[in-house]
Structure formats: structure tokens, C-alpha cells
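**Student:** Chains as they are written, first to last, in UniProt numbering: chain A, 1 to 639; chain B, 1 to 639.
Quick caveat, the hints were computed from the structure, so don't treat them as lab data.
It is possible that part of the hints are untrue.
Remember, identical chains collapse to one label, so a pair may be satisfied in a single copy or spanning two.
As the list claims (entries may be wrong) - Straight-line C-alpha distance at most 25 Å; calculated DMTMM-like pairs for lysine to aspartate or glutamate:
{"hint": "1", "residue 1": "Lys-156", "residue 2": "Glu-614"}
{"hint": "2", "residue 1": "Lys-321", "residue 2": "Asp-405"}
{"hint": "3", "residue 1": "Lys-321", "residue 2": "Asp-34"}
{"hint": "4", "residue 1": "Lys-601", "residue 2": "Asp-405"}
Just so we're clear, the structure is a prediction, and the values are computed from it rather than from any experiment.
Letter by letter, the chains look like this.
Number of protein chains: 2
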Amino acid sequence: MRKEFRKLVTIDEANKIIESFDIQPGITEIKIEDSPGRVLAEDVVSEVDVPPFNRASMDGYAVHAADTYEAREDNPIRLKSVVSIPAGINPEIHVGRGEAAEIATGAVMPAGADAVVMVEYTRSDKDLLIFRPVSINENVMHAGSDIMVGERVLKKGTALSTREIGVLAATGRRAVKVYGLDVGIISTGNELEEPGSKLNEGKIYDINSFSVASAVKECGGNPIRYGIVRDDETEIKNVLKKAAERCDIILTSGSTSAGSGDVMYRIIEENGTVLAHGIDIKPGKPAVIGKVFGKPVFGLPGYPTSSLTIFNEFVAPLIRKITGEKEEKTHINAKMAVRVRSEGRSQLLPVGVIRGRVYPVEKGSGAITTLAEADGFIEIPSEVEMVEAGETVSVTLFGEVDIPDLLFVGSHCLGLDTLIDVASLKMRVINVGSSGGLSAIRNGTADIAGVHLLDESGEYNIPFLERFGIRDAVLVKGYLREQGLIVRKDSKISRFEDIIGARIINRNTGSGTRVLTDIKLREIALQRGISFEGLTENIDGYHTEAKTHSAIASAVKLGKADVGVGIRTVAELNGLDFIKIADEEYDFVIPPGLLESSGIKRFMEALRSQEFSEKLPPGLRTYERTGEIIRMPYSEIRK
Amino acid sequence: MRKEFRKLVTIDEANKIIESFDIQPGITEIKIEDSPGRVLAEDVVSEVDVPPFNRASMDGYAVHAADTYEAREDNPIRLKSVVSIPAGINPEIHVGRGEAAEIATGAVMPAGADAVVMVEYTRSDKDLLIFRPVSINENVMHAGSDIMVGERVLKKGTALSTREIGVLAATGRRAVKVYGLDVGIISTGNELEEPGSKLNEGKIYDINSFSVASAVKECGGNPIRYGIVRDDETEIKNVLKKAAERCDIILTSGSTSAGSGDVMYRIIEENGTVLAHGIDIKPGKPAVIGKVFGKPVFGLPGYPTSSLTIFNEFVAPLIRKITGEKEEKTHINAKMAVRVRSEGRSQLLPVGVIRGRVYPVEKGSGAITTLAEADGFIEIPSEVEMVEAGETVSVTLFGEVDIPDLLFVGSHCLGLDTLIDVASLKMRVINVGSSGGLSAIRNGTADIAGVHLLDESGEYNIPFLERFGIRDAVLVKGYLREQGLIVRKDSKISRFEDIIGARIINRNTGSGTRVLTDIKLREIALQRGISFEGLTENIDGYHTEAKTHSAIASAVKLGKADVGVGIRTVAELNGLDFIKIADEEYDFVIPPGLLESSGIKRFMEALRSQEFSEKLPPGLRTYERTGEIIRMPYSEIRK
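Based on the sequences and whatever the hints tell you, model everything.
**Tutor:** This is how it looks when you write it as C-alpha cells:
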């Protein structure tokens with residue numbers, strides 16, 4: 001057996017290595033309008049007085065305060081109105097005793113005058129009548145009384161946003177020095193293609209250089225993408241060298257696994273120092289930390305979620321420290337919704353967080369949907385065997401994620417998209433089929449499950465609540481949908497039996513559609529006197545599983561399969577033919593404690609609304625039971 | 001008396017007008033790397049399968065699973081190793097029974113093979129030895145099993161950040177449609193100059209077009225600055241017309257007060273409709289809402305804080321609604337630290353928020369420092385007479401403000417800047433002099449006050465705690481600083497008495513330096529047998545108040561004054577001469593409940609540190625009492 005003999009570093013060791021990096025961020029001067037979100041690299045000292053002159057802070061008349069002391073509502077004093085001073089000019093006049101100059105808010109106080117009488121307390125006839133006294137300096141703002149020349153108005157290290165930009169403008173600054181940490185980003189791998197280009201055979205789109213660049217930006221860094229580099233030592237070396245000339249930190253992804261493509265490690269070793277080859281926390285094993293061509297370099301794992309996880313755990317704190325970017329938004333405490341068993345080694349587990357509850361997001365290795373469904377990750381140290389439901393955990397978020405209101409887990413349906421749109425809900429939809437939805441309700445992770453499971457008795461959904469051991473949820477009747485065969489217009493398939501011998505695309509195990517398909521297939525096997533396995537062995541594509549109706553339709557449309565089972569809606573949307581085999585009851589299962597929550601209330605209102613009924617796509621329809629709530633014990637209801 | 005007869009609209013009426021605006025945001029297509037923070041204007045449906053082919057999810061050997069069923073650790077099976085498949089190519093081979101193809105993670109599964117044996121469970125000699133069985137599909141990720149063609153991966157209205165950008169890249173999207181709301185921004189006023197240009201007489205820098213543009217951006221809008229426009233009807237009209245052609249919303253500021261420059265109202269009336277002329281909530285009186293050249297227009301007040309307040313109250317929610325930008329970050333609930341008396345009319349009161357406590361920020365009308373020190377504002381309806389200390393209020397933040405850890409109120413000192421730097425604290429520093437600091441401690445708003453108040457007995461600070469009615473704070477001895485006269489090198493002034501008859505720049509009332517100055521002046525008045533007022537009347541500039549030592553030095557340096565009282569530090573920093581008159585004790589007052597807080601602990605550590613002592617600028621020095629804590633009752637200590 002081939003074995004690896006590699007000494008992984010611990011998290012603490014990795015962090016010590018990272019702390020030892022002495023990175024000085026570059027400083028760039030930018031226009032203040034481009035500065036929101038950046039961090040000041042200089043103390044800003046005002047070079048002007050604000051205001052720059054003694055100014056009137058009210059519309060009115062500039063006077064000698066002493067002239068007004070006797071003014072009364074019923075006994076106004078008279079002054080000679082000499083001139084009018086608008087804002088923006090330098091009034092080269094002197095207001096003498098007994099005189100007044102009309103003055104606008106913000107205008108320069110004329111020499112002589114030491115107060116402003118508000119216009120409301122004056123009246124003009126041939127003279128100016130003043131009805132109230134003012135004291136010296138009243139309604140006058142002195143030069144520099146707001147900010148004086150020489151005052152430090154903003155401190156180095158300040159994060160700039162709206163109000164700081166206002167302060168900068170006020171002191172006459174149009175450009176400002178900010179920190180700029182250039183972070184080079186390189187994706188390696190022969191299999192990578194640039195998004196937007198055609199995908200050749202055997203290739204996949206490069207994700208990491210885009211997602212990591214966005215993450216770098218959120219941390220206050222300036223990402224510089226060097227694009228995709230083939231798995232070629234010379235090519236990678238050249239790009240690393242180029243990046244090292246300009247950048248303060250270099251991030252690569254891919255080419256770090258222990259397999260045939262493990263070139264990154266060797267290049268770093270030959271052109272610098274490898275400080276860590278693998279971190280002893282899942283998914284850190286493929287990570288590399290080192291210096292190459294004099295600059296710190298991090299080799300991130302190739303899988304997108306792993307790459308972002310290792311970035312957020314080890315690189316993001318470093319970049320934030322250097323750029324002074326705030327951290328508070330990226331960590332939250334919340335309670336585990338389910339018990340999680342440790343894998344026996346330290347791990348960073350991707351999790352979703354909805355309504356303060358944390359649940360693990362575990363998809364296949366390298367699945368991009370893990371990233372789409374996870375809000376962040378939690379650390380489970382190797383010595384922890386179990387994280388219990390209800391335990392408070394600290395979640396490191398994948399940047400500034402927009403966390404939805406409700407978590408839907410279950411069967412995919414286009415009607416659900418309509419419902420979400422009508423209810424204006426932010427809902428995370430996880431398509432794992434009806435059984436997955438019921439499991440999630442039982443585990444306490446889902447807020448709503450969407451199910452359409454047919455019992456062999458002919459009853460939908462209710463029998464399965466009991467079968468899944470769900471005792472305290474309500475079933476909300478949803479809508480009906482036509483299930484059937486989806487085929488191309490030129491297909492010879494006309495009835496369910498015809499799928500035997502055809503190339504099919506199947507739905508995923510646990511989905512209601514799969515249950516329906518298998519019930520129908522069992523009937524045929526029974527009729528033909530053969531085993532179910534014997535029958536399905538002869539169906540080409542029986543084990544090719546698609547997760548959604550749309551995916552079924554696509555496969556048929558593109559000729560990857562000749563037939564699949566799905567709903568009329570997607571058949572019609574894709575210009576395909578549809579052969580109805582059943583009218584399904586698509587229902588929702590909801591924990592009873594949530595029925596009074598605002599989110600579920602909006603959901604229920606939308607479900608029962610005329611608008612939803614009208615907007616439902618063809619093949620789906622509401623009926624008299626739509627919105628009906630069935631409570632436990634279900635068995636009684638069934639009688 | 002001149003009076004205004006104008007019907008202000010209520011907040012509700014203003015909001016109804018704004019709700020009636022039917023604004024459709026534009027849609028623009030941008031590269032995904034530029035999309036963080038934008039909102040999707042399309043449903044994103046995957047046009048590719050992810051992965052696009054059946055791929056190996058481990059490094060190992062692609063085999064027929066059935067060939068491995070008998071494999072055991074102590075009894076490996078032998079397969080013929082036929083070829084090696086790297087990632088990124090299309091393997092045009094067929095793996096037959098009894099054969100194995102070496103395969104890299106991410107590579108395309110060859111025809112024939114239906115599983116991958118991990119490399120760890122194999123060994124090569126002339127054949128390939130397999131030590132563990134695999135089942136069908138093991139370590140294989142099926143085409144489309146992550147995302148299938150036709151699947152909606154992102155919903156219209158989704159806010160884009162790191163993970164969404166990863167999903168977009170994964171499905172091959174390089175560009176994406178996002179909402180783009182163009183918001184035109186115009187500053188009007190003859191007195192305005194562009195920051196960065198020279199400030200002519202009577203002019204001030206334009207602040208609003210920069211701060212409002214930044215605020216628009218934070219709401220998800222696309223600000224378009226039309227710069228500064230003179231108070232000229234034709235000019236303003238032309239710019240409004242130009243802005244209306246391109247923009248979805250127009251924001252102006254200035255030219256809306258009731259005085260001579262009130263042209264905006266007339267222009268809107270002549271070229272559209274004025275829907276509201278003044279909103280009945282302070283500072284909304286100068287605001288105008290209407291339509292001009294077919295587009296919604298908001299005339300914001302000219303003062304920067306007022307302008308941002310009205311923007312955040314009325315315009316920001318509109319822009320956020322249209323752009324789908326999240327609101328949660330801009331509102332927080334917190335407790336009032338002090339009682340606030342209403343002004344008898346509705347008002348939006350600027351407030352600071354530190355450690356969850358809200359305190360009003362009230363500077364002079366139009367002060368830019370209000371903006372610098374306020375984090376947001378609270379609404380006080382007209383029917384509320386008083387907001388009590390401890391009451392929970394909802395604060396609308398001025399965008400994504402960076403709220404500091406601690407609030408310092410008191411006397412300005414450069415030593416404090418050093419202390420903040422050594423302690424690495426984010427501290428808001430409000431320079432209102434020593435008395436202001438003590439008031440803030442008494443009111444419960446400040447976390448630290450910095451004081452240097454000399455009692456006529458010759459004792460510093462402690463007598464003033466009692467005088468201010470502070471019974472439960474501790475006094476922390478700070479450092480010594482040399483106070484004296486700051487004069488130019490060529491000055492004839494050589495002792496304190498010389499300031500009589502000179503042009504001076506004074507410190508603000510309530511500052512310790514002012515107290516020191518007045519004590520010295522009283523001594524002189526006493527010696528000369530004249531009244532204090534009689535003496536100060538003859539000091540040119542006695543009533544010109546600067547808030548900081550730096551400002552004093554600047555005024556002297558620039559020749560605006562001949563002498564001021566301040567610390568040696570700033571005299572030396574400005575190349576000025578210094579004539580010492582006292583060694584002051586600069587101390588800190590801290591509520592005792594905070595002594596154990598992490599912020600104050602860091603503050604105390606820094607104060608007592610060698611580093612602080614060494615970094616203190618010239619003229620300031622620590623001494624044996626530095627860091628000493630004096631607790632109540634103060635009177636006992638004084639004995």
C-alpha cells in the first residue's frame with residue numbers, strides 16, 4: 001500500500017507561522033469618493049479652519065449686538081439697513097453703530113458686526129425694525145470653531161465611510177492615503193477553464209480565483225487575479241515570480257493534493273521555504289504555507305468550499321489585521337440544531353445558520369452546492385467526540401453572508417418558487433427530496449419540508465410522518481401536481497411501461513418522484529414475474545440520478561436521456577411532451593412551534609392567496625384542501 | 001416682522017408621497033468579479049452540469065467495482081494497470097474487466113469503470129494490487145449531481161457576495177445582470193468650492209455631494225455627482241434637466257432655506273411638481289420633495305448632518321427598497337445614557353452610540369464635527385416631552401459606521417493620542433474641555449474623562465469631582481504637562497502679564513487651560529485693583545475660543561494671534577517658543593464599574609507602561625503617581 005509520510009502542522013503551529021510573517025501593507029492615494037470601505041494610512045490634520053471665517057448661522061441682519069439691547073416686541077429699535085450680503089462673497093464693508101447688513105446663512109460676517117438678528121424678529125419699512133435683542137456672537141459661528149487648522153480630524157487606521165468622507169471634504173481633502181494590500185490569486189490545474197468560455201471535454205470552470213478574490217476584497221485587501229495556470233512547473237514558477245514582484249501575499253489553489261499533480265509544494269521548496277505542508281484540521285491537509293520569491297504564499301485546497309474555509313480560518317484574520325478591516329461581522333454565536341459526531345480528527349465543518357440555529361451542510365466532496373448552502377463553518381477539535389444539539393457554537397461566516405429567514409428542505413418544485421415569490425420570503429431551499437425533508441423535520445433542522453410521498457395504500461404523505469417517527473409536526477396541504485413521463489416531441493414512448501428498454505434519467509433516491517417511479521416499476525416486475533432488481537438492471541440510466549425536475553427535462557431535451565419522470569410544468573417550459581401518470585399531493589410539514597412565526601404566517605397567507613393560485617405554473621393547481629392544517633395524532637385523522 | 005406661511009407636511013405625508021414614486025431601477029450587466037454587494041436582476045439558471053462529467057473524487061484507480069468485491073487487506077486482488085488519467089483531459093479509453101486506470105482527483109471517469117479505489121488501498125508491483133473492495137459509484141461524482149443544467153441556482157433579488165460569486169463561476173457565468181439605480185447628486189450654492197481646490201474668501205468646501213454620494217452607494221445605488229452649481233436659476237435648471245435624462249432619482253442640497261437663495265423650490269415648481277415644501281420634523285423644514293423633468297427629486301438641507309439625516313430618514317429606505325439592499329445593519333436598539341428633553345416639535349436628534357448607550361451630539365448649527373461624532377439619529381415625536389435615561393431607543397445609523405469601543409470626553413491632549421496608540425484602542429475623543437468631561441461623567445455618558453482643573457487652593461482635579469457632584473467615579477493620576485505661553489520666535493512677550501495688550505487666542509470656556517488662564521488673569525486684576533471684566537475687555541481676542549492646543553499653536557504660527565496658552569508639546573511641534581507658567585496634572589476620571597472592562601484595562605496597562613512613558617511627546621512626562629487610582633470619598637484622601 002502507498003502511504004504518505006508527511007508531518008502535518010497543528011492549527012497553533014500554523015497560526016504561529018502566519019504571525020511570524022512581517023507584512024507591511026502598501027499605501028496608495030485615492031480620491032475620497034473611492035475611499036468608502038478603505039482604511040486610512042495617515043493622520044488627517046486639517047489645513048483649514050472650519051468654518052474658514054466668522055459666518056452667519058441664520059438668515060437675518062448682521063448688527064452690533066449693543067445696538068439691540070433695548071429692542072422689545074412692542075418697542076422695536078430702528079437700524080439703517082446698508083447692504084445685503086449673500087453667501088459666497090467677501091463683504092468688503094464695515095457695519096457701523098446704528099447700521100445693519102442683511103445677511104444669508106453661511107455668509108461672511110462683515111467687519112464691525114458681532115451678532116445676527118434672525119429675520120423672523122425683524123421688519124423692513126424704510127428702516128429696519130428689530131423686535132428682539134441679541135447678545136454678542138449670537139447666531140455667529142466663529143472661524144475654526146468647528147475644526148481649527150492643525151487639528152487631527154481623523155486618525156490613521158480609521159475605516160472610512162460616509163461621515164469620514166464628509167469630514168475629509170470639509171477640510172478640503174480630495175485625495176487621501178489608504179492602505180492597499182495587494183493579494184495575488186492564482187488558480188492552478190489543467191482541468192480549469194475561465195467562466196464565460198466554452199467548456200471543453202474534461203474541463204470545469206475555475207471558481208476559486210473568483211470566490212477567493214471576493215473574500216480578499218471583503219477583508220479589505222486588493223485582489224489581483226493572475227487567472228488560471230496549467231499544472232506545469234515552469235509556468236507556475238513564472239506566475240509566482242511575477243505575483244511576488246507586485247503582491248504582498250500570494251494565494252494559490254489547486255495542485256496541492258498528494259496525488260500526481262502536487263507541484264506547488266516542490267516549486268515553493270525550490271524557490272523559497274515551505275513552512276507547513278498540510279494543516280492537521282480537515283480540510284487543511286492539502287494546504288501549504290511558505291514563502292516564495294520572498295513573499296508569503298498560501299496554497300489553498302482545490303475544492304471551493306475547502307478553499308474558502310481554509311482562507312477564512314487562516315488567511316482572512318491576517319489580511320484583516322493588516323488592513324484594519326473589522327472582524328465583528330464574520331463571527332456569530334448560535335445553537336446547534338442537531339447533534340454532530342466528530343470524525344475523530346480536528347475539522348472545520350461547513351454549516352448553515354438560520355434563525356440562530358446551526359446545522360451541518362454535508363454534500364459530496366467538492367460540491368459547489370455546499371458553498372451555496374453553507375453560511376460558514378464551525379471548528380470541532382479532535383478531542384471533542386460530539387457537539388450536542390442545543391450547544392452554543394461559534395460560527396465563522398463566509399464573509400458578509402445574507403442569511404435567509406427560513407430553511408426549506410425537501411422536494412424540489414417550481415410551485416415553491418412561486419410561493420416564495422408571492423410571500424416575499426428569503427428562504428433557503430435545499431433540494432434533497434421528500435425523505436430528506438422529513439428527516440430534516442425530525443432532526444429539527446428544517447423550518448418547512450416539502451413532500452409528495454405516495455404510500456402503497458394510495459395515500460400521500462401522512463403515513464410517512466409516522467414512518468419517519470415525526471410526532472409533533474403539522475401537515476399543511478399544498479397543491480396538486482401532474483406527474484408523468486417527460487419525453488421529446490418525436491418520442492415513441494407513450495405509456496409508463498415503455499421506459500423499460502429506453503435510456504432514462506432517474507430522480508434521486510428519497511425523492512417522491514423516485515418513490516412513484518419505483519412503485520410503478522414494482523407493479524411491472526410483479527406482472528412480469530421478475531425481481532425488481534432484475535427489472536431495473538435492464539433500464540439504462542436507472543442509477544443516473546438528477547436532483548430536480550428541471551434537470552430531468554434538460555437531460556431529455558439535450559438527448560442525454562430519452563425519458564424521465566417529472567411534473568408537467570417543466571415539460572411544458574422546455575417544449576417537451578408529457579404523459580400523465582399521477583396527480584400528486586404536494587404538501588408541507590412544519591414544526592408546530594413555528595406556526596405563529598411571522599415567516600410561516602406569511603408563507604401560509606401566500607399559500608391560501610388568490611395570487612398564488614393564479615401564478616402557479618401549468619400542471620400545478622390549488623384545490624379545496626390547499627392550506628388545510630392537519631395536526632397530530634395523524635392516525636386519528638386517517639380513520 | 002417677516003413671517004413664513006408655509007404648510008409643512010408630516011412625516012407620514014412625506015412617506016406617502018415617497019411611496020407613490022414608481023421607480024424602476026435600471027439593469028446593467030457587470031463582470032462577476034465586480035458584483036460583490038450588488039443585487040441580482042435575473043434568475044440564474046445553470047446552463048451546464050456541475051460537474052460536467054462523471055469525475056473521480058479521489059486520487060486512485062478507476063475500476064469495475066465488481067472486480068474488487070473479493071479484495072481483502074491480507075488477500076489483495078490483482079488488476080492490470082492500463083493507463084494514467086490526469087485531470088483536464090477526455091480519456092478516450094475503455095477500462096475492461098480485470099483492468100484499472102490510474103486516475104487523479106477531478107479527472108474524467110473512463111468508459112467501463114464504475115468506481116475509484118483510493119490510492120491508499122493499492123500497491124503497484126508489475127500489477128496493481130487492491131486491498132479493499134469498492135462498491136458501484138464509490139468515489140465517483142456523477143455529472144450534474146451537484147448542479148444540473150436547467151436548475152435555478154440563484155434567485156432574482158439575491159444580494160451577491162463571495163459564495164454567490166463562487167456559484168456563478170461554477171456555472172460558467174462571467175457576467176451577470178444586476179440592478180443599477182442611478183442617483184444624481186447636485187450641490188448648490190455660490191459659497192461652495194470643490195475639495196482639493198484653493199479656498200477663496202467667503203467660500204467653504206462642498207461636503208454634501210461627497211457624503212451623500214457615499215451614503216447612496218451604501219444603499220446599493222449608483223451615485224453620479226454633478227458637482228457644484230451656482231445659485232443661478234438657469235444653471236440649476238440645466239443641470240437638473242441633464243440629471244433627469246440619465247438618473248432615476250435626483251438629490252440636491254443647499255438652496256432650500258427660506259432666505260434669499262431659495263431658488264430650488266421655484267425651479268421644481270416651474271419644471272415639474274413640488275409635492276412637499278418642508279417636512280415637519282427638525283431638520284426637515286428646508287427639505288423639498290417633488291418631481292422635476294419627470295424624475296423624483298429631493299432637495300436636502302444644506303448643513304451636512306441635516307442633509308445626511310434627512311437622506312437616511314426618507315431617501316435611504318426608498319433606495320434600499322428599490323435596490324434590494326439589506327437594512328438590518330443600519331438600525332440598532334440601545335439605551336439612552338441621559339435624559340433628553342424634547343424641543344416641543346418632532347425632531348431627528350443626532351446621537352452617538354458607544355457600548356450600547358446612546359447620547360445626544362449637539363454642536364453648533366451646521367457643525368461638521370456633529371457628523372464626525374454622531375453615529376446616527378433618533379426620532380423624538382412632538383408628543384414626547386422627554387426621553388428618559390435608560391429608555392430603549394431605535395437609532396438609525398449614518399450608514400455602516402464603525403462604532404468605537406470607548407468614549408473619551410474632556411480636555412484635548414496630544415498625550416492622549418499617544419495613549420490610544422499604545423493601547424491600540426478605538427476611542428472616540430470629544431474635545432469639550434475638562435468641565436465638559438466631568439459633566440459627561442456625571443451624566444453617565446463618558447467612559448473616560450480627561451481633566452486638568454486647577455483649584456485656587458493649588459490642587460488639581462480632585463476638588464472638582466465634588467464640585468461637579470460626582471460621587472462614584474475613580475480618579476486615575478495621569479501625567480504632568482508643561483503649560484505656558486505659546487509665541488512666535490520673534491515675539492517680545494516674555495511673561496504672562498505681557499498678554500494684556502497683545503492679540504491673544506483663548507481656549508474654550510470649561511477647558512482646564514482656560515481655568516488656568518483666568519486664575520492668572522484674576523491675580524493680575526487683583527494686583528491692579530480692577531475688575532476681571534475690566535481687564536479682559538482690553539485683551540484683544542479674549543472671546544475667540546479655540547478648542548485644542550494645536551489650534552492655539554496654528555493661530556499663533558499663522559499670525560492670527562500673537563499669543564495663546566497651551567502645552568509645550570504643540571509649541572515645539574510647531575517651531576514656536578514656549579514660556580512655561582505651570583506644571584499641570586492631567587488626570588483621568590472613570591466610572592468604577594468600568595475598571596474591570598477589557599477596554600479600560602488596556603487603557604490602564606498602556607498608561608503604566610514603559611512604552612507610553614517613552615513615546616510621550618516633549619513637554620509631557622509620567623511620574624511616580626502615574627496610574628495611581630484614587631477612590632471615593634475623595635475628601636478623606638485629601639486629608
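**Student:** Give a verdict on every hint.
**Tutor:** Taking the hints in turn, this is what the structure says about them:
Within a single copy, Lys-156 and Glu-614 get their C-alpha atoms only as close as 58 Å, which misses the 25 Å cut-off; across copies the closest is 20 Å, which meets it. For the identical chains of this complex, Lys-321 and Asp-405 are inter-copy neighbours only, at 17 Å across copies versus 32 Å inside a copy, given an alpha-carbon limit of 25 Å. Both within a single protomer and between protomers do Lys-321 and Asp-34 lie at most 25 Å apart by alpha-carbon distance, with minima of 22 Å and 24 Å respectively. Taking CA atoms no more than 25 Å apart as the test, Lys-601 paired with Asp-405 passes inside one copy only; the shortest distance there is 12 Å, against 39 Å between copies.
Checked against the numbered hints listed earlier, the structure breaks none of them; every hint is satisfied.
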